[in-house]
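Take a look at the letters that make up each chain.
There are 2 protein chains.
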Amino acid sequence: MPVTSPIVVLDSGLGGLTVVRALRKVLPAEDILYFGDTARVPYGNKSGDTVTRFVGEIISYLQDYDPKHVVIACNTATALALPSIRKQFPRLTITGVVDPGAQAAVAGVGSCTAPRIGLIATEATVRSRAYEHAILHLRADAVFSATATPLLVPIIEEGRSLDDPLVRLAVQQYLAPLCKHGLDVLVLGCTHYPILKDLISHVVPPGVAVIDSAEQCAEDVNHRLTAAALRRTDQGEGVLRCFVTDDTPKFASLAERFLGLHLDIAPEWVSPESLYTPRRPEPLRAAV
Amino acid sequence: MPVTSPIVVLDSGLGGLTVVRALRKVLPAEDILYFGDTARVPYGNKSGDTVTRFVGEIISYLQDYDPKHVVIACNTATALALPSIRKQFPRLTITGVVDPGAQAAVAGVGSCTAPRIGLIATEATVRSRAYEHAILHLRADAVFSATATPLLVPIIEEGRSLDDPLVRLAVQQYLAPLCKHGLDVLVLGCTHYPILKDLISHVVPPGVAVIDSAEQCAEDVNHRLTAAALRRTDQGEGVLRCFVTDDTPKFASLAERFLGLHLDIAPEWVSPESLYTPRRPEPLRAAV
Numbered sequence: 001m002p003v004t005s006p007i008v009v010l011d012s013g014l015g016g017l018t019v020v021r022a023l024r025k026v027l028p029a030e031d032i033l034y035f036g037d038t039a040r041v042p043y044g045n046k047s048g049d050t051v052t053r054f055v056g057e058i059i060s061y062l063q064d065y066d067p068k069h070v071v072i073a074c075n076t077a078t079a080l081a082l083p084s085i086r087k088q089f090p091r092l093t094i095t096g097v098v099d100p101g102a103q104a105a106v107a108g109v110g111s112c113t114a115p116r117i118g119l120i121a122t123e124a125t126v127r128s129r130a131y132e133h134a135i136l137h138l139r140a141d142a143v144f145s146a147t148a149t150p151l152l153v154p155i156i157e158e159g160r161s162l163d164d165p166l167v168r169l170a171v172q173q174y175l176a177p178l179c180k181h182g183l184d185v186l187v188l189g190c191t192h193y194p195i196l197k198d199l200i201s202h203v204v205p206p207g208v209a210v211i212d213s214a215e216q217c218a219e220d221v222n223h224r225l226t227a228a229a230l231r232r233t234d235q236g237e238g239v240l241r242c243f244v245t246d247d248t249p250k251f252a253s254l255a256e257r258f259l260g261l262h263l264d265i266a267p268e269w270v271s272p273e274s275l276y277t278p279r280r281p282e283p284l285r286a287a288v
Numbered sequence: 001m002p003v004t005s006p007i008v009v010l011d012s013g014l015g016g017l018t019v020v021r022a023l024r025k026v027l028p029a030e031d032i033l034y035f036g037d038t039a040r041v042p043y044g045n046k047s048g049d050t051v052t053r054f055v056g057e058i059i060s061y062l063q064d065y066d067p068k069h070v071v072i073a074c075n076t077a078t079a080l081a082l083p084s085i086r087k088q089f090p091r092l093t094i095t096g097v098v099d100p101g102a103q104a105a106v107a108g109v110g111s112c113t114a115p116r117i118g119l120i121a122t123e124a125t126v127r128s129r130a131y132e133h134a135i136l137h138l139r140a141d142a143v144f145s146a147t148a149t150p151l152l153v154p155i156i157e158e159g160r161s162l163d164d165p166l167v168r169l170a171v172q173q174y175l176a177p178l179c180k181h182g183l184d185v186l187v188l189g190c191t192h193y194p195i196l197k198d199l200i201s202h203v204v205p206p207g208v209a210v211i212d213s214a215e216q217c218a219e220d221v222n223h224r225l226t227a228a229a230l231r232r233t234d235q236g237e238g239v240l241r242c243f244v245t246d247d248t249p250k251f252a253s254l255a256e257r258f259l260g261l262h263l264d265i266a267p268e269w270v271s272p273e274s275l276y277t278p279r280r281p282e283p284l285r286a287a288v
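Top line first, the protein sequences correspond to chains R and G. Per our numbering, residue 1 is the first one in the first sequence, and the count goes up by one each step. Per our numbering, residue 1 is the first one in the second sequence, and the count goes up by one each step.
Be aware that a few hints might be false.
A pair counts as met if it fits within one copy or between any two copies, since identical chains are not told apart.
Claimed, not checked - Here are the simulated lysine to aspartate or glutamate pairs, EDC-like style, with alpha carbons at most 16 Å apart: (1) K197 to D212; (2) K250 to E268; (3) K250 to E123; (4) K197 to D164; (5) K250 to D49; (6) K25 to D234; (7) K87 to D49; (8) K25 to E219; (9) K197 to D163; (10) K250 to D141; (11) K25 to E237; (12) K250 to E158; (13) K180 to E256.
Hints in this document: simulated from the structure, not taken from any laboratory.
Using the sequences and the hints given, assemble the complete structure.
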């Protein structure tokens, strides 16, 4: 596998661009192929079978680009699909956001005994218990609690500001049982939620660490590429190409919000049907 | 076309079961095939091209059942796709929920001059201007205004009660500009919204008529079947079969909420892929 191969980052929609943002900070020279399944978004209220099928289709479609690393930048998809997706693509290196998030949570509690770790995430992520298992595997004495927060993604995608009373009320309602239960660390278990991080940090009691798994996920990729001698060391800036299954009117504004920078190229549209009939891709750099 | 042919009702998810509920009241002997595209729900934040493609796939899949009537029981799908879907399937009778809703709205204002008609709906439905065109076609002097209310579907699907302060706040925020603008009639332009009808009726000023297009849509189907001599007159109760593209854990509770009765049969799963390779269907009655 050449060191110039791209990193694939995939998500149900555009929230995974928060992971791209973090990757570009630590690995600026890497080429990144981002895939947002905007025709079938969200994944958070769907079954494990369906989400696994969707993720498998996307990776099949992109594997001809010979990626050196695939990041499932969606907590729901990681929680529901990662183990079976790894079996389905044994020759690819595939990582997700749950293990890095769990590692960051455990690092955040330091050495206190019986640390209280809370999670907010989609219904499907909470139901999967993937974070609970990952955290208890690292810290068997942790006291874990989780709340499904299904309104936060649509609230963020609607573009409401952090001082909107409805946004504040939703965050307060969702966090109340976790705060009552006691909290040392709160994990934001969805790549959309960093947009609300400032508000969430104000609503939790002082001293609670709020963990955003995107940064930890990027560090994890950096570490793995370095260990495998696959990290690019050239000075140029990597290419970012975006694929979407629906070119929705809100793509530009949402992409800018999650990525934190203006995207000066339009996304490339991939019909959901064509995911079943992969084509030979064009060269990554030549097409830009 | 035999009088015993079924009626097809399709929706992005399960909200269209409110239309099935209304149909069963006025046409109890009819067989109904309900299709909920739960793997790709929602449609309200997607593009017209994508929604038209999805609706076309579903009708292609079900047309071998030789339906005597197809109802697009989703406001977004009706608003974005109905005209091109009718061209794509010229031999089928296909109706939606927008025209019946517009007719009910205009009937609701009576003979007052310059009636003020408001709409709440998904972003895509509002953007399409389908209701505006349908209403102004019937009443050129109507003063139309619309607000996209993207949080209402996830709020309803989360199962929150009507006295939840967040539900009340969302409804108040969304309706404030319409109420300020002045309102004689408010159209609920999404098949989910009848669940919130009691709350909405309390938030709008007294005397404002709140129009639910599901009932009017069922009356419209009844009228058309009668006119075409296709209405079943036998006494038995019609069969209801449900197809879904994702058998989500919440199917039973949501279906019961929208349908208003317990579904004693599980839905039949149709994989999104199989929508591209229609099979020969089994006989409708024998399979039940």
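Taking 16 Å as the upper bound on the Cα-Cα distance, should K250 and D141 be classified as within, between, both, or neither? neither (44 Å within a copy, 33 Å between copies)
Within a copy, between copies, both or neither: which one fits K250 and E268 at a CA-CA cutoff of 16 Å? within (15 Å within a copy, 34 Å between copies)
Treating 16 Å as the Cα threshold, decide for K250 and E158: within, between, both or neither. within (10 Å within a copy, 24 Å between copies)
How would you label the pair K250, E123 (within, between, both, or neither) given a Cα cut-off of 16 Å? between (24 Å within a copy, 10 Å between copies)
Up to 16 Å between alpha-carbons, please classify K197 paired with D212: within, between, both or neither. within (8 Å within a copy, 39 Å between copies)
Is the C-alpha distance from K197 to D164 at most 16 Å within one copy, between copies, in both cases, or in neither? Classified as within: same-chain Cα gap 15 Å, cross-chain 24 Å, threshold 16 Å.
One pair to classify: K180 and E256, alpha carbons no more than 16 Å apart. Within, between, both, or neither? neither (36 Å within a copy, 33 Å between copies)
Between copies, within a copy, both or neither: which fits K250 and D49 at Cα up to 16 Å? Close across copies (15 Å), not inside one copy (28 Å); limit 16 Å.
Classify it for me, K25 with E237: is the Cα-Cα distance of at most 16 Å met within a copy, between copies, both or neither? within (11 Å within a copy, 64 Å between copies)
When Cα atoms must be at most 16 Å apart, do K87 and D49 count as within-copy, between-copy, both, or neither? within (15 Å within a copy, 35 Å between copies)
Using 16 Å as the alpha-carbon threshold, which applies to K25 and D234: within, between, both, or neither? Classified as within: same-chain Cα gap 15 Å, cross-chain 70 Å, threshold 16 Å.
Is it within a copy, between copies, both, or neither that the alpha carbon of K25 lies no farther than 16 Å from that of E219? within (10 Å within a copy, 59 Å between copies)
In summary, the structure is inconsistent with hints 10, 13 from the numbered list given earlier, while agreeing with the others.
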